[in-house]
Amino acid sequence: AQTVTQSQPEMSVQEAETVTLSCTYDTSENNYYLFWYKQPPSRQMILVIRQEAYKQQNATENRFSVNFQKAAKSFSLKISDSQLGDTAMYFCAFTNTGNQFYFGTGTSLTVIP
Amino acid sequence: NAGVTQTPKFRVLKTGQSMTLLCAQDMNHEYMYWYRQDPGMGLRLIHYSVGEGTTAKGEVPDGYNVSRLKKQNFLLGLESAAPSQTSVYFCASSYSWFEAFFGQGTRLTVV
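Residue numbers (this note's numbering), protein chains in the order written: chain U, 267 to 379; chain S, 4 to 114.
For each label pair, taking beta carbons as the anchor points, the in silico distance ranges come out as:
# : chain 1 : residue 1 : chain 2 : residue 2 : range
1 : S       : 80        : U       : 283       : 38 to 48 angstroms
2 : U       : 344       : S       : 18        : 39 to 49 angstroms
3 : U       : 306       : S       : 25        : 18 to 28 angstroms
4 : U       : 284       : S       : 57        : 38 to 48 angstroms
5 : U       : 376       : S       : 13        : 21 to 31 angstroms
6 : S       : 54        : U       : 295       : 19 to 29 angstroms
7 : S       : 21        : U       : 337       : 47 to 57 angstroms
8 : U       : 324       : S       : 99        : 18 to 28 angstroms
9 : U       : 324       : S       : 65        : 32 to 42 angstroms
To be clear, the hints were calculated from the coordinates, so they are not data collected in a lab.
Every residue gets a Cβ at the ideal spot worked out from N, C-alpha and C, and that includes glycine.
Just chain U, same shape as in the assembly (with noise of 0.2 angstroms):
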């Protein structure tokens, strides 16, 4: 069975500052999928990032990175520069196959002024 898991239920940052979300998961397959998903207030899952467990560079989206470690089975979300948008629940979520997308129970994630 594959499961994900977000062990940081609350964080909270201070505005231009740096936080990491962490995230593992399980699996036995070797390749596959993983993604960030950010869901602000007005409930819209909207897709930050995406890694490809093949790949072996860390995906980068402007202000977010990942530190992809296959061995480990983490997989963690690096915001820079905080800003007030990135107020929001924080998902991170797995496929194999694309039957399936599993998900995390969530981090909610508080940008300070």
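Assemble chain S onto chain U, guided by the hints.
Only chain S this time, still in chain U's reference frame:
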């Protein structure tokens, strides 16, 4: 671009009533999903479909039924609503494992 559209956005049901949530996508995606989101539990998969005419059970299928008669539509039915089904429901679609696109969610309250 409409993407994934869910109808309705809000609904209040009495215990025992039935209802159908409609999900429509215009991206020609094969895969469609229904999730429920509850505080502290993330998103849990209810049912999914890998193509027109197919459906399969996810993690929490009890009390729900689904149908995918047309490729662009995925319906979620509650035959006899219970308070435990109070939740926010999300529909999503994807092209293989590249990315899941989500609707805006339906907040359902069962009283």
